[in-house]
Amino acid sequence: MFESILKNVHEKTPLVHCITNYVTVNDVANILLACGGSPIMADDEKDAVEITSICNALVINIGTLNERTIATMFKTGKKANELSHPVILDPVGAGASKLRTDTTFKLLEEVKFSIIRGNISEIKTVYKGSGTTKGVDADISDAVTEENLDETISFAKELSSKTNAIIVITGAIDIVADSNKAYVIRNGHQMMSMVSGTGCMLTAIVAAYCAANPDNHLDAAAAAVSAFGLCGELAYEKVVKNDTGTSSYRTYLIDAMSKLDAKTLKGGMKIESR
Amino acid sequence: MFESILKNVHEKTPLVHCITNYVTVNDVANILLACGGSPIMADDEKDAVEITSICNALVINIGTLNERTIATMFKTGKKANELSHPVILDPVGAGASKLRTDTTFKLLEEVKFSIIRGNISEIKTVYKGSGTTKGVDADISDAVTEENLDETISFAKELSSKTNAIIVITGAIDIVADSNKAYVIRNGHQMMSMVSGTGCMLTAIVAAYCAANPDNHLDAAAAAVSAFGLCGELAYEKVVKNDTGTSSYRTYLIDAMSKLDAKTLKGGMKIESR
Amino acid sequence: MFESILKNVHEKTPLVHCITNYVTVNDVANILLACGGSPIMADDEKDAVEITSICNALVINIGTLNERTIATMFKTGKKANELSHPVILDPVGAGASKLRTDTTFKLLEEVKFSIIRGNISEIKTVYKGSGTTKGVDADISDAVTEENLDETISFAKELSSKTNAIIVITGAIDIVADSNKAYVIRNGHQMMSMVSGTGCMLTAIVAAYCAANPDNHLDAAAAAVSAFGLCGELAYEKVVKNDTGTSSYRTYLIDAMSKLDAKTLKGGMKIESR
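These protein sequence lines map, in sequence, to chains E, U and A. The first sequence begins at 641 in this note's numbering and counts up one residue at a time. The second sequence begins at 641 in this note's numbering and counts up one residue at a time. The third sequence begins at 641 in this note's numbering and counts up one residue at a time.
Source of the hints: derived by calculation from the structure; they are not laboratory data. Computed from a predicted structure; not experimentally measured. Treat each hint with caution, since some may be false.
No copy labels: a pair is met if it fits in one copy or bridges any two.
Stated by the list, open to error - Taking lysine-lysine and the DSS-like style, the derived pairs with C-alpha atoms no more than 30 angstroms apart in a straight line are:
(1) Lys881 with Lys903
(2) Lys899 with Lys738
(3) Lys910 with Lys802
(4) Lys686 with Lys910
(5) Lys738 with Lys647
(6) Lys881 with Lys686
(7) Lys686 with Lys802
(8) Lys910 with Lys746
(9) Lys746 with Lys881
(10) Lys746 with Lys686
(11) Lys719 with Lys881
(12) Lys768 with Lys738
(13) Lys878 with Lys718
(14) Lys652 with Lys768
(15) Lys903 with Lys878
(16) Lys652 with Lys738
(17) Lys686 with Lys752
(18) Lys715 with Lys752
(19) Lys797 with Lys768
(20) Lys768 with Lys686
(21) Lys878 with Lys899
(22) Lys752 with Lys738
In isolation and in its complexed conformation, chain E is listed as follows (with noise of 0.2 angstroms):
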């Protein structure tokens, strides 16, 4: 089944629209053809509504949202819902700032969202409507664990439920859930957390799996993650090979995203449902 997730973005190239920061959006445009979709960016509103519009998937991510960026995510998410697009939340730093924070939610209220992908801070923050995010990354107290696992997997169920979403938290753990089933997802390497931007590299992947597989966006979301994950594992592989640091393993991840194909995919996956 998942394989054929995977076909699926190969064979349809889905384009993504990202509204997404510019610390990190080279990657993300990479790691989108890496994995078989195509990008577009666009965040004037005179130009992203009518782009999002020739898309089939739409990232909204405000890792470095400003007043101009935040009108256009509300005008291009509105108009992809009427055309029924994906749309993807990435809430960076929500909880770190009050503008963050409120943007997250009035998002929430205006725009519909199929999935909703954060670190553990961000999403309890969705979830609380305040937070303890440290920055941008998730604050260690928070972290899922195999002694909160259940507790955590409850929580994702309910915060589906009440978003009408599919929640995606990554960590050490990776969790994907929709009200009624989870994901549990052991793919990944810590070194992930050495490279800026992984999470909004993450959101693309999401979006492009589920903008080729409409009708299943939550294994769509599960095989995103498990992908991700596995390309982290194959590319630290060759950073202890080569011997060389952080900004290699970036290039390897990208470049094992580039290359994954089913049988891997299919051989690697380490995901359990709930």
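Guided by the hints, dock chains U and A onto chain E, whose structure is given.
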């Protein structure tokens, strides 16, 4: 002849002012350094007009245009015209939205461009006033092939005559044309399309080559296109040799440009004039 | 001593708020992670003042300044001053346009900077109020050499006395000075000038080092300059070994920073005090 064009770039280190999109701006800066030029980015009206005055060429790339930067494009383009600097237009996504198409046409009315570089769909939009651009990539139905090559060359020459600009159409086969003469260039590799921003990078290289070779923009542009295509071939050889992927390919591409010498260029050019 | 400075960075993981240009912002984020810090970028007034409050240092880099971000620089700088966070100024291209020069001077009037880092032309502009900056690179006539070293050290000390900031001048020879003492650092490699953003990256590293070593900004800044220069040397060795080019060099540079330990730093520092 083409070797002396490359040598002029290396000797003169042309300073290229880029008003360009934030997706690929870092690669644009680094490929300019790699090819022997020097980059400077400035997009605020109060800053950019003055910055363009100390430069040797101006790139206007509409990739992530907005109201503020559009105003800067016009003012800066006119200033560069006053100073007789070469001005290069990259109409990214023209045809994909009204704002992009309209901005392209207004720029063509008010600014004199030395060179216009785009994919075939973008260039057709420049010609026809409407387009079928699929996001920022060329529409497959537009592709330049051996079958429609003669026709496309005629079209390029006609558009050059109409705009008084050298026309650079890039894709599997590249065309560089003024109203009288066209070069057909068969360098390059399809993996270039798997890296975000290869078009933007080429536009900047063309700017550096033309700035350093003011008396012969047609040959300079052709040398730039061929040089970058050749680097694309050399980079592909390294991908095969090292069994890597698309992100390594980007690194190899810029590496190759930073090491390209006149002899390698002469030996590797696949160019004919029509 | 310098080893303990590096260890403090690794142990404290200082969170550095960067208002920086969009050309090199991704490298700035990744080098901050690589050196042991953590980056956050925010440039909207409503967001940035609050974000700076949760951080340990603030970088103000004027590389692609505009009206909106300039306003944020002032408000955020003042907030950081209130909180006694170290604030680091990178006056990119000061001297190249009136807006850049004027903004630099107004910032120096209204914000207290702990450190000012630039190339010699930018720093001369800060001193004299006008400059000969060639775009974003130093003017060759300004270069710090063994012949004018004593004079330049005196100049740096005087400027430090005038601004109450530590002055960091980088180039073939680096100088880090307060009003009483200067370090002369001979680490680094000329290939660093072939990569866009090495100056911006260093500014961010200096911020992380100073944030983690609040009692000794002079030594912390010197350690940061020497550490980055040493990484430039190690990266060059890899370029020679692997016969690669400027883009690989950038990767090796960040890799080296991510692997730098106290022992390597101690063994590789080329530093003298004057």
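Structure-based check of each hint:
no., hint, result
1, Lys881 with Lys903, "both (23 angstroms within a copy, 23 angstroms between copies)"
2, Lys899 with Lys738, "neither (41 angstroms within a copy, 36 angstroms between copies)"
3, Lys910 with Lys802, "within (28 angstroms within a copy, 60 angstroms between copies)"
4, Lys686 with Lys910, "neither (43 angstroms within a copy, 42 angstroms between copies)"
5, Lys738 with Lys647, "neither (41 angstroms within a copy, 34 angstroms between copies)"
6, Lys881 with Lys686, "neither (49 angstroms within a copy, 46 angstroms between copies)"
7, Lys686 with Lys802, "between (32 angstroms within a copy, 29 angstroms between copies)"
8, Lys910 with Lys746, "neither (35 angstroms within a copy, 54 angstroms between copies)"
9, Lys746 with Lys881, "neither (47 angstroms within a copy, 51 angstroms between copies)"
10, Lys746 with Lys686, "both (21 angstroms within a copy, 16 angstroms between copies)"
11, Lys719 with Lys881, "neither (47 angstroms within a copy, 46 angstroms between copies)"
12, Lys768 with Lys738, "within (14 angstroms within a copy, 41 angstroms between copies)"
13, Lys878 with Lys718, "neither (43 angstroms within a copy, 45 angstroms between copies)"
14, Lys652 with Lys768, "between (38 angstroms within a copy, 29 angstroms between copies)"
15, Lys903 with Lys878, "both (20 angstroms within a copy, 25 angstroms between copies)"
16, Lys652 with Lys738, "between (39 angstroms within a copy, 26 angstroms between copies)"
17, Lys686 with Lys752, "both (21 angstroms within a copy, 25 angstroms between copies)"
18, Lys715 with Lys752, "within (12 angstroms within a copy, 35 angstroms between copies)"
19, Lys797 with Lys768, "within (14 angstroms within a copy, 52 angstroms between copies)"
20, Lys768 with Lys686, "between (34 angstroms within a copy, 22 angstroms between copies)"
21, Lys878 with Lys899, "both (14 angstroms within a copy, 15 angstroms between copies)"
22, Lys752 with Lys738, "both (22 angstroms within a copy, 26 angstroms between copies)"
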